[in-house]
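K.L.:
Sequence:
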Amino acid sequence: MSHHQLAVRPRLGSHAKNQLMFRKREVVDPGYRVQQVNDPDPAYFWPLLVTFVALAALYAIWRTVVVNWGVWFGPLAWIAEMFGLTTSVLFVLLLKRTARPIPRVVTIPSTTVDILIPTCNEPLSILEPTVIGAAKVRGVRDVLVLDDGVRDEVRAMAARHGVNYVSRARNEGAKAGNLNHGLRETDAEFVITLDADHIPLPEFVERTLGYFDDPDVGFVQSPQSFYNTESFTFRSRRGQRGAWHEQEMFYGGVQPAKNHTNSAIYTGTSAMLRRSALDSVNGFATDTPTEDIHTSLRLHAKSWRSVYLRTPLAYGLEVENLREYYRTRRRWAVGSIRLLFCHPDSPLRIRGLTLSQRTNYLSAMVAHLQGANRVLYLVTPIAALVTGLAPVEGSYARYGFAFLGLMVLSQWIIVQFGRGHYHLLHSEVFGIADTMPMLAGLGALFRAEQAFEVTEKQASRAAGNRLKVAYRLYAAVSCAALALAIIRLARGEYVAIAAWSAAFLALTVGYLVAFLVSMERYERRSDIPPYAGLNPGERYDYVLARSTGRRD
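Residue numbers for the sequence shown follow the working numbering, beginning at 2 and rising by one.
Take the hints with a grain of salt, since some may be wrong.
Said to hold, decoys possible - Restraint ranges, calculated between C-beta atoms of paired labels, are given here:
#1 V518 <-> A157: 25 to 31 Å
#2 G444 <-> Y45: 18 to 24 Å
#3 P41 <-> G395: 43 to 49 Å
#4 I103 <-> F342: 54 to 60 Å
#5 P41 <-> V496: 47 to 53 Å
#6 A160 <-> L545: 46 to 52 Å
#7 S461 <-> T549: 27 to 33 Å
#8 P104 <-> A398: 35 to 41 Å
#9 F342 <-> V470: 26 to 32 Å
Quick caveat, the hints were computed from the structure, so don't treat them as lab data.
None of the values given here were measured: they were computed from a predicted structure.
Glycine is no exception: its CB is placed at the ideal position from the N, C-alpha and C atoms.
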């Protein structure tokens, strides 16, 4: 490991900096390549994986043989089960090994690093702490506030903190277009991108820059972390409030597994990128609403390497109501579905990806079809209960044991390979919550949609009344179906169908009720966050103090 004194270059105005020549970056070790260390796992992981894949294959073959093609919902049930089984197997295979890079804290005084902060309509109370933090990141030359709103108050704020203000008259390409506009205003060799609400830690450059001594590294991504742990997207775990987050599995389990296959995803914030890598793909991708995953896909297709760090290097604000949760997740679904099915950069078509990378991106995008799959899982037992007909031929009791048995096994194995990040209750509850935005995202298959909606921060907890009606209707239909199953059982009608339908529907109802009850309690809470009322400087200090115990 090499250590060098970090030099902070003087901050320059956008006109002055373009008139200077910077020395070419030296590489301390010309032969350096990022090395990954696999996390230790129990010895039973591989036998368990092989057993699960073998059982899943046998079930898929048997289930295909017994499809009841004579009823309209027979093929639908088969499609739903094959989709669920395939995604579960794929998920476990991708999680089979997680890795972390060997730390490399290397900084070169002649290296230029700038920070880009795109903003559109975020209030100063949210944006200013980020600017304060960016100005205090050691080793950064310039901070550029990229304002799509052309606001005088933002210009004045940037001037107060000695950072550059860059605006544009039109906002083509939304956030990605704004970032590309910022790239034209800087000649830095490396750029850090931060969302307007993500406050960076002072050591951001020290923790990331060293990996770029590997000339193939295109970007280094850190977790997207949040300091408003009172949001409904956080849950208690082991008695500790806010210890589990809705994206826990992605950042704690999935991204580290992607290190092993060089397929970590750029998430739009809290990352450092090599300028020449961005230039090789014509900047940030502007032709889908999810510029982050699209940009990383293009970088990987150009053979650039990615590095994922598990240590948080910036803290932002998570959504605080159901409406903003829906908008964000719907945008993810729209972008992923369009990229997968409607874009030449689809992992099904783009050239340059390895098989592992292609599989990783395919898995990430296909996951947004799970909303439609949940609808099929609801329709099938209802149709069977109403008609008294089974979606399979032969013994329905045998089918029920096989289906529920494999489902329980799948969940248990995902928990095991989740390595503590997948929560059997919380993860499934948010899977239910994702149903509505994923269903809405299916519209991307039929119409182009590239608008980028800026997430509203610190909005009313109770926002999203119409969405609540939709979730309650979902719960009502599920409860009615469960009641019908119980009635059938009480009357001795279609006993096998009713029994297994009741068992499956009870799980769905349980997750739905858990989600709705938790939302109701959250919205009625009147506690005031500890950072509320703090001025921008105090909020930065608050985040810095909170982060102290989370850095390794």
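K.L.:
Compare the structure with the hints numbered earlier in the document and write down the numbers of the violated ones, lowest to highest.
P.N.:
Violated: hints 1, 2, 4, 6, 8.
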